Amino acid sequence: MSRFALLRCAAGFQRSVPIPIPQFQAAGCRPTRQVTGAPAWVLQTAFGGTAVLAASVASWRAPVQKRRLSTARCVRNEGPPQARCWLVVLDFDCTIMVEHLWARYRDAPLAKVHIQDDTFVDLAALRRFVASVRAGGHNVAVASFGRRDVIDKGLRVALGEEHQVVITTPADFGCPEGSGLLGNKNRQLAGLCDRFQATPDRILLVDDDAHNVEAALKAGFSALHAPAGLTGVMLGAAAMKLGLELDSPGFGESHAPFGDCLLCRPCIDCSNSNNSNNDSNSYSYNRSHYSDNGNNNNHSHDDDS
Numbered sequence: 001m002s003r004f005a006l007l008r009c010a011a012g013f014q015r016s017v018p019i020p021i022p023q024f025q026a027a028g029c030r031p032t033r034q035v036t037g038a039p040a041w042v043l044q045t046a047f048g049g050t051a052v053l054a055a056s057v058a059s060w061r062a063p064v065q066k067r068r069l070s071t072a073r074c075v076r077n078e079g080p081p082q083a084r085c086w087l088v089v090l091d092f093d094c095t096i097m098v099e100h101l102w103a104r105y106r107d108a109p110l111a112k113v114h115i116q117d118d119t120f121v122d123l124a125a126l127r128r129f130v131a132s133v134r135a136g137g138h139n140v141a142v143a144s145f146g147r148r149d150v151i152d153k154g155l156r157v158a159l160g161e162e163h164q165v166v167i168t169t170p171a172d173f174g175c176p177e178g179s180g181l182l183g184n185k186n187r188q189l190a191g192l193c194d195r196f197q198a199t200p201d202r203i204l205l206v207d208d209d210a211h212n213v214e215a216a217l218k219a220g221f222s223a224l225h226a227p228a229g230l231t232g233v234m235l236g237a238a239a240m241k242l243g244l245e246l247d248s249p250g251f252g253e254s255h256a257p258f259g260d261c262l263l264c265r266p267c268i269d270c271s272n273s274n275n276s277n278n279d280s281n282s283y284s285y286n287r288s289h290y291s292d293n294g295n296n297n298n299h300s301h302d303d304d305s
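If you read the sequence shown in full-length UniProt numbering, its first letter stands for residue 1, the second for the next number, and so on.
Rather than coming from a laboratory, the hints here were simulated on the basis of the structure.
Check before you lean on any hint, since a few could be wrong.
Unchecked claim - Pair by pair, the computed Cβ-Cβ distance ranges are:
1) R195 x E162: 13 to 21 Å
2) R104 x G137: 32 to 40 Å
3) A131 x E99: 34 to 42 Å
4) P176 x A131: 15 to 23 Å
5) E245 x G174: 40 to 48 Å
6) R84 x H114: 19 to 27 Å
7) E99 x Q197: 33 to 41 Å
Note that this is a predicted model, so its numbers are computed, not measured.
Glycine included, C-beta positions come from ideal geometry on N, C-alpha and C.
Construct the complete structure from the given sequences, taking the supplied hints into account.
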């Protein structure tokens, strides 16, 4: 068989030889099409000799590496780290909100779901944080196991009717809202990775559930554990992670009950041990201390229908 025939054989055979993209597959992302390369034995036979083989393989790998990045759904941004955008993904129940609204209301009509200013952990700090994130060129989304309509209602109270926050729930993956069938937030984060064309390391999950945080970190996402929800200190830690300014009131105050762990990747053991002795006291301490200087307006935002 001539070398030309062997090369034609290689060109046909290469379509069935996949080259995996492990850094994206680990995070739940998949390439949009199969990226392939020619089998080594065909190259060796066609070009004759290992020296020529090495050069030939190198010439194959260069375009393959380029295609690996261009065909992946989570497109890697090769710019300077400070110029790359973040996507901040917030949990809803017991993170944005003081209580677990799904556990309380379940399938009740939306008009019966009462959301007031003090239903939020720290409404003023949340508004400042979202404004700072967007001013820095970054994005905000919510990933929850709860109801989309309840989450949307809460965000309209917090950020206005046109809040422009993307919401993902189990319904996006064929699972009932309010269920834990997804197991953790990784599929939701991978879906957001696809939607925003972001790499996993530029997605920051903030969640009160340590299990969701641990799973996200193992999958290559960034994450912060917020056992007491989005207090001013927690939002300050998230702002620091994004490189945002912390001169706004309520950000980064030092007397939070769980210490310096908030300023880096989540130290789950430390956070848990700090709250294990008197978890309920720590929980209520944050809620009362970071609510607009202790003044709760208690304005109700209920739908008429």
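Hints, verified against the model:
{"no.": "1", "hint": "R195 x E162: 13 to 21 Å", "verdict": "19 Å, holds"}
{"no.": "2", "hint": "R104 x G137: 32 to 40 Å", "verdict": "36 Å, holds"}
{"no.": "3", "hint": "A131 x E99: 34 to 42 Å", "verdict": "25 Å, violated"}
{"no.": "4", "hint": "P176 x A131: 15 to 23 Å", "verdict": "34 Å, violated"}
{"no.": "5", "hint": "E245 x G174: 40 to 48 Å", "verdict": "41 Å, holds"}
{"no.": "6", "hint": "R84 x H114: 19 to 27 Å", "verdict": "40 Å, violated"}
{"no.": "7", "hint": "E99 x Q197: 33 to 41 Å", "verdict": "35 Å, holds"}
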